[in-house]
Amino acid sequence: MVKIGKLTASIIALLITVSSFVYAQKPNVQLSVNVKPIEVGQMVAFTVKSNVNGNISINLPATFTEAGVMNGMEQTMDGNGNMIISISYTQQGVFTKPGKYTITASVKDKTKSYKSNELAVVVRKKGEGKTKKNYEQSDEDISNHNLKEAVFGIIQKSKRKIYEGEPLILESKIFSKVNVTNIIQYVPFSIKGTVESFDIEKTDNVSLNRETYKGNTYLTFSYGKQLVFPATSGKYIIKPFSMVLRYNNGGFFDNDFQLESNATYVDVLPLPAGAPKDFNGGVGKFSLSSSLSKTAAKVGDILTFTVKVSGKGNMHAISKPKINLPANLTLYGDPEIKEELDYTEDGVEGDKTYKFFVKVLHGGKVEMNPISLSYFDPSIKKYVTLKEKAIALDLEGEIITSQVEVTDSVNVQGGEEVLAVPVSDEKLAAKEAVPNSKLWIALLGSLVLLLVGIIYFLLRKRKTIIPVNTTIELEENTFVEPQPILENTGSILSDAQRLANQGDYKAAYGTLSKSLTKNLQQKLGISMEMLTNDELIDRMKSFGISASIIEDYFWLIRTCQEAEYTIWDTHANWDEVVAKAKGLFNELN
Numbered sequence: 012m013v014k015i016g017k018l019t020a021s022i023i024a025l026l027i028t029v030s031s032f033v034y035a036q037k038p039n040v041q042l043s044v045n046v047k048p049i050e051v052g053q054m055v056a057f058t059v060k061s062n063v064n065g066n067i068s069i070n071l072p073a074t075f076t077e078a079g080v081m082n083g084m085e086q087t088m089d090g091n092g093n094m095i096i097s098i099s100y101t102q103q104g105v106f107t108k109p110g111k112y113t114i115t116a117s118v119k120d121k122t123k124s125y126k127s128n129e130l131a132v133v134v135r136k137k138g139e140g141k142t143k144k145n146y147e148q149s150d151e152d153i154s155n156h157n158l159k160e161a162v163f164g165i166i167q168k169s170k171r172k173i174y175e176g177e178p179l180i181l182e183s184k185i186f187s188k189v190n191v192t193n194i195i196q197y198v199p200f201s202i203k204g205t206v207e208s209f210d211i212e213k214t215d216n217v218s219l220n221r222e223t224y225k226g227n228t229y230l231t232f233s234y235g236k237q238l239v240f241p242a243t244s245g246k247y248i249i250k251p252f253s254m255v256l257r258y259n260n261g262g263f264f265d266n267d268f269q270l271e272s273n274a275t276y277v278d279v280l281p282l283p284a285g286a287p288k289d290f291n292g293g294v295g296k297f298s299l300s301s302s303l304s305k306t307a308a309k310v311g312d313i314l315t316f317t318v319k320v321s322g323k324g325n326m327h328a329i330s331k332p333k334i335n336l337p338a339n340l341t342l343y344g345d346p347e348i349k350e351e352l353d354y355t356e357d358g359v360e361g362d363k364t365y366k367f368f369v370k371v372l373h374g375g376k377v378e379m380n381p382i383s384l385s386y387f388d389p390s391i392k393k394y395v396t397l398k399e400k401a402i403a404l405d406l407e408g409e410i411i412t413s414q415v416e417v418t419d420s421v422n423v424q425g426g427e428e429v430l431a432v433p434v435s436d437e438k439l440a441a442k443e444a445v446p447n448s449k450l451w452i453a454l455l456g457s458l459v460l461l462l463v464g465i466i467y468f469l470l471r472k473r474k475t476i477i478p479v480n481t482t483i484e485l486e487e488n489t490f491v492e493p494q495p496i497l498e499n500t501g502s503i504l505s506d507a508q509r510l511a512n513q514g515d516y517k518a519a520y521g522t523l524s525k526s527l528t529k530n531l532q533q534k535l536g537i538s539m540e541m542l543t544n545d546e547l548i549d550r551m552k553s554f555g556i557s558a559s560i561i562e563d564y565f566w567l568i569r570t571c572q573e574a575e576y577t578i579w580d581t582h583a584n585w586d587e588v589v590a591k592a593k594g595l596f597n598e599l600n
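Numbering-wise (the working numbering), the sequence shown opens with residue 12 and increments by one.
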């Protein structure tokens with residue numbers, strides 16, 4: 012007796028089970044093709060599905076050139092809950108000549124041959140029968156031709172007409188009279204023109220709905236939803252999407268069906284003329300709020316003016332609000348911008364928060380000019396202006412006595428609009444009263460420069476130069492009283508960190524480098540421009556500065572200068588530089 016291993020026995024049992032299922036079913040052989048119509052040279056696939064276990068062959072003409080063969084097995088359930096096991100055979104290739112062909116297939120077992128259905132195919136010449144589609148005349152409405160089809164698709168849109176900047180929702184929608192089981196392939200619709208588009212729906216899960224249209228009942232589902240913002244006004248053509256769907260129509264096997272949807276278009280209207288000066292490009296519905304960090308301050312203080320814009324529409328595209336400051340205040344650096352946005356069927360929703368840094372230049376009781384913002388509301392087809400209240404400020408310090416006269420002339424400084432101050436008639440008259448005033452000013456300026464040069468030369472001659480090899484030794488217990496520093500350490504580090512937070516690391520490194528040099532000069536009581544590095548080291552040692560601090564100083568200066576003038580990204584060393592700078596400032600104090 013021959014012994015059979017457990018694995019071999021299991022395989023034989025499985026084959027016997029499959030064979031018993033196959034032979035227990037009513038014989039069925041089905042032939043299908045994946046595309047119609049067919050062009051010469053186009054890759055096509057003929058597939059035979061059968062519940063008969065035997066040799067499968069497809070009767071193809073001599074003008075068909077084979078490119079590959081695939082075999083497989085499928086297991087499904089029929090409407091009564093019975094298992095259906097089928098064998099599939101796919102033959103791929105191309106037709107080399109046009110013509111009309113009748114294709115059949117057969118499956119032959121040990122005792123009998125079973126034939127498939129006949130498949131009539133038409134093979135055209137390459138490019139024959141194609142007509143250019145007139146998308147200008149198409150729309151998304153279901154046509155009478157669609158009603159005759161078992162499966163068709165349309166491009167569904169939220170509106171037919173929109174304004175520039177208004178959100179548009181587009182999605183593919185399929186109507187089917189047969190039971191669609193799977194989406195095999197999807198090529199999305201495309202838009203002729205410049206647009207911003209965002210996917211707002213995951214396409215992993217599709218839900219089927221039942222709808223009735225003109226007495227016909229369909230299974231429907233949507234796919235590939237997008238949020239779209241056309242860039243300019245005009246007509247935008249939306250070209251069709253295509254899909255390969257797998258469906259079951261009550262037979263033994265699933266079938267594949269390829270469809271191309273209708274096309275459509277949308278009209279984009281320009282925004283009305285007469286937009287307010289503070290229009291920020293917003294289209295939708297928005298709100299505005301603002302606040303100031305404090306209303307009592309002194310000259311040199313940095314205030315934080317926060318402006319928050321909320322709403323829905325094209326929130327991602329709105330521009331920064333314009334700030335109009337009184338003469339006592341000035342903008343200090345670039346604002347910080349924080350965005351919290353969601354892309355939804357209503358457009359882009361959320362908030363944009365702007366933090367403007369404002370420096371106090373002069374004292375006095377003034378008002379922070381009210382901030383305003385205008386947007387276009389497509390629901391009422393009008394511009395809407397939002398305006399905050401003025402903020403009263405009490406500023407301590409030197410008060411400006413002259414008044415600023417507002418004119419229509421506008422200058423731009425640092426990217427912000429600044430009102431020009433006209434010259435008074437009295438000043439113009441005084442200027443004209445002095446003949447050749449520009450010549451006299453030039454002569455006086457030259458004399459002043461000459462006198463300054465003479466004084467500087469005399470002082471330089473009297474200056475005692477310390478020889479390079481001379482060492483300055485401090486007597487034991489000699490105390491050198493530290494000199495006052497030029498700048499506040501906390502303010503320096505705060506200013507540098509603020510610049511780094513804004514991404515301007517070059518300016519941050521430059522601020523640290525210049526401040527370190529100034530503080531060291533003040534402590535040593537000399538101008539370091541006249542000393543070599545060796546002389547500077549000797550001078551620092553004579554003031555009791557340790558070798559480690561001296562080494563940190565030169566490392567910091569070199570690192571800051573390299574970072575300030577290099578073209579590479581240098582923010583990686585920033586935390587280490589700040590830590591060492593704090594220690595060095597403490598030592599110099």
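Hints were generated in silico from the structure; no laboratory data involved. There's no promise every hint is true.
Cβ-Cβ distance ranges computed for the label pairs, FRET-style [what the hints assert, rightly or not]:
| no. | residue 1 | residue 2 | range |
| --- | --- | --- | --- |
| 1 | Ile194 | Val44 | 27 to 37 Å |
| 2 | Pro109 | Ala328 | 34 to 44 Å |
| 3 | Val217 | Gly292 | 30 to 40 Å |
With a straight-line cut-off of 25 Å between C-alpha atoms, the simulated SDA-like cross-links for lysine to any residue are [claimed, not checked]:
| no. | residue 1 | residue 2 |
| --- | --- | --- |
| 4 | Lys517 | Asn597 |
| 5 | Lys137 | Val255 |
| 6 | Lys333 | Val255 |
| 7 | Lys398 | Ser304 |
| 8 | Lys137 | Glu50 |
| 9 | Lys47 | Arg135 |
| 10 | Lys119 | Gln103 |
| 11 | Lys172 | Gly235 |
| 12 | Lys184 | Lys246 |
Please read these numbers as outputs of a predicted model, since none were measured by experiment. For every residue, glycine included, the Cβ atom is placed at its ideal position computed from N, Cα and C.
### Message
Flag every earlier hint the structure violates by its number, smallest first.
### Response
As far as the earlier hints go, 1, 2, 6 are violated by this structure, in ascending order.
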